[in-house]
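*Asks:* These protein sequences, in sequence, are chains C and D.
Per our numbering, residue 1 is the first one in the first sequence, and the count goes up by one each step.
Per our numbering, residue 1001 is the first one in the second sequence, and the count goes up by one each step.
Since the hints were derived computationally from the structure, they do not count as laboratory data.
Note that the structure is a prediction, hence the values are computed from the model and not measured.
Hints may be right or wrong, so weigh each one.
Pairs of lysine-lysine, BS3-like flavour, derived with a Cα cap of 27 Å [what the hints assert, rightly or not]:
(1) LYS69/C - LYS1110/D
(2) LYS243/C - LYS284/C
(3) LYS1052/D - LYS65/C
(4) LYS65/C - LYS1107/D
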Amino acid sequence: MTKYDVIIIGAGPAGMAAAIFAARGTLSVLVVDESAPAGGTVKNTHLVANYPGFPEPISGLELTKRMFKQAKSFGAKFELAAEITDYNFKDDLKWIEIDDDEKFETENIIIATGINPRQLNLPGEQEFKGRGIHYCATCDGDFYSGKDIAIIGAGDTAMEESLVLLKYVNSITFIHHGFHNLRAEKCTVDQVMDHENVTMIWSHESQKFERDGDKLVIIAENLDTKEIVKIKKDALFIFVGMKPNSEWLKDSGLNINERGYIPTGENCKTNLKNVYAIGDIRVKKFNQITTAIADGTIAALEVVRKISCSH
Amino acid sequence: MQKYLESSLDEVQTISEVENLINNNEKVAISCGRNGPMCLPVYGAFEVLKEKERYSDIKFVVMPFDVPGASIIRELPECRFFRGLPFTIYYKNGKVVGATSSIQDAKSIKKTINECFP
């Protein structure tokens, strides 16, 4: 079993910042992520315009590629597209197993698994993913040029994505469980709602999805009348926010709040000894690349200092 | 040849390249897409799996969705109802044995590979 000074789980900006600072502090570092390439959700960001040092906007992919290159240049090792199939974080000597195969030991764990787009987990959603149900306007919008689509979601992402979709589609129908209010930024909502081909179905909660020939059928309950209605469209795009990637930690002994985030104390420490949580997975007010980088820096320097002192 | 996709994998662009590939390799996986957030994770997973010993007998490649040659993928009967990029096709001995649409995580890609190439 290979032993590292620190194992970082998650290769987004927080995890890569931790890898850069820990590896540059001469620690042996392993970064594990279930996806590839490295970069977390930021790699999917079209343009990052507020990252200090880049007066011209830089693509999220390019920014995170540079972080990856930098972490590797200091000697950090990466295991990407690797699933953690077992682990123990409670004992002093902690370990992870990846892909039911290799095991790695460490005394220090940094968790940086971030957040991912939320799915509705309704019947039919998985079955029709990519075949009528979609999560990305830029990727899949042009398949529906001139078509009539529905959107579930009413937050900022849903409104911004709908502006992209309006370049392609004939009409958009929002299906919203709320009662005549939207939580998205007003100026974006106005831009969308002023469009003549946008309509809103209020107070309807989707229950399942079916197919009828080329059409996708959204079966929803009218929350006012309890009537079940069928809404037939060419496609459905779902934008219902993000969820923390913490389900895999439910038996870890870590304190996790009711929303799935990890509360941390001073220097990103969790309730478990030598286990840290950084980036979007931890409870905090502002989730930005810069705050994720700060978390990664703090946790890594804490581990570097602790190991230096023990020597 | 100009490469269009953000991937270190070999990129095929023409029908004849695809035909050569599937006729001369027992196991082939082609991910056909663009540089969007649904496609890059599939290319990224392919890049990692390509380096693993257990998948060394599989030829992993990418193909731009918008080149004319991609019609060989787009017009497959298996892709008839696909509306999400990338279209990822698994060939064994020149025949399609699996096809997925839209983003797939590494876990589901490995599952598909295990089913297609038992």
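*Asks:* Now tell me if each hint is right for this structure.
*Replies:* Okay, the hints, checked on the actual structure:
1. LYS69/C - LYS1110/D: holds (26 Å)
2. LYS243/C - LYS284/C: Holds. LYS243/C to LYS284/C sits at ~14 Å (cutoff 27 Å).
3. LYS1052/D - LYS65/C: holds (21 Å)
4. LYS65/C - LYS1107/D: holds (22 Å)
Checked against the numbered hints given earlier, this structure breaks none of them.
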